[in-house]
Amino acid sequence: MILYILAAILIFGVLIAVHEFGHFLTAKLCGVRVNEFSIGMGPQIWGRTVGETEYSLRALPIGGFCAMEGEDSSSDDERSLTRQGFWKQALIFAAGSIMNFLTGLLIVLILYSGTAAFYTTQVLDFAPEFPAQGDGGLQPGDQLWTINGERVYLYSDVSLLLSLDGDGLVDMEVRRDGEVVDLGQIPLAYGTYTDENGEPYQGLGWTIGVEKATLGAKLRTSWLNTIDFVRIVRLSLQMFFTGEAGMEDLSGPVGIVSAITQVGSESPTLRDAVENILYFAAMIAVNLAVMNLLPIPALDGGKIFFLIVDTLAFRLFRKKIPEKYEMAVNTAGFVVLMGFMAVVTFQDVFKLIR
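Residue numbers for the sequence shown follow my numbering, so the first one is -3 and each next one is one higher.
Hints in this document: simulated from the structure, not taken from any laboratory.
A hint or two may mislead.
The calculated EDC-like cross-link candidates involving lysine to aspartate or glutamate, where the alpha carbons are at most 16 Å apart (straight line), are [what the hints assert, rightly or not]:
(1) Lys24 with Glu50
(2) Lys320 with Asp68
(3) Lys24 with Glu74
(4) Lys316 with Asp306
(5) Lys84 with Asp306
Here are the in silico distance ranges between beta carbons for each label pair [claimed, not checked]:
(6) Thr45 with Tyr321: 33 to 41 Å
(7) Gln40 with Thr116: 47 to 55 Å
(8) Thr111 with Glu50: 40 to 48 Å
(9) Phe313 with Thr111: 53 to 61 Å
(10) Gly47 with Leu220: 39 to 47 Å
(11) Gly180 with Pro291: 35 to 43 Å
(12) Trp219 with Glu192: 29 to 37 Å
(13) Gly180 with Ile1: 45 to 53 Å
(14) Pro183 with Ala324: 53 to 61 Å
(15) Thr111 with Pro291: 32 to 40 Å
(16) Glu319 with Asp268: 46 to 54 Å
Idealized CB from N, CA, C, for every residue including glycine.
Produce the entire structure from the sequences given, and follow the hints as far as they go.
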């Protein structure tokens, strides 16, 4: 149990450090002065200045930071962040999320490196009881294309998309003979079917194709799986704003550490535990990437949003938005964000002790 908790804390620390390294590396490449790059937070336990940048190691292994000249206050230095052009600033702000996304992609690719084969999205055959086969329904050779308007990139998408629909009827499109065919609403749900030997089994009542896991297949599947993580974030946000999910469904750091611990503890072997935790870490990395790019004050997406507004204001009115207003909005956003995180964290702790 303690081992998995430490692993979860380490994962958080590494992902945040990777995020900050993205800002650091891009800032250096763009010629921005970086005053300090730190691994960890809190009191400094080691530091060394190389050139113009101080590299430090701090006591709390929960992330890090990249302190760029002019990031939080005005600066007359020609190499300060705010004196760079639009695209350089936007790239520096986005670099942390890009690094998190690439980290998630790399983890998934590593996990798939030893895979021998992948399920495809092509249906080969059906159980006799399958209700939606034949004319007007699914046919052998069909490639699953959309379920309720969402693209089926991987076969694992089917269970995800079906979990969002509770009545057993789905709007489905398939790719047949090179064309996308709309099947309308068809019954599709997990149930009891019989195989070719007449034996009962639980499933969807169809047989799915398999492809050899070539290097190209591994790269494609890893990419699509990572894109699926992005979709999960979008669907989660969509459900939250439409009321289908509530505050009780949200998790903060404490809840995620608890989830990672549960994933590890419930895995049958240590190898399975490591693989499951790494997969979870990849999903968290992509989640961090997406959330940080949302136009929320104090986050990277909020900074990019202000950069766009500031650039438009200058082009239209030849005036820039005073920095004090941006600072005030970011400060207020930070306070609200910290308050929100405090509520979610309290909720996570309450779930653990009740």
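Practice problem: Just pull the numbers of the violated hints for me, sorted ascending. | Solution: Violated hints: none at all, because every hint is consistent with the structure.
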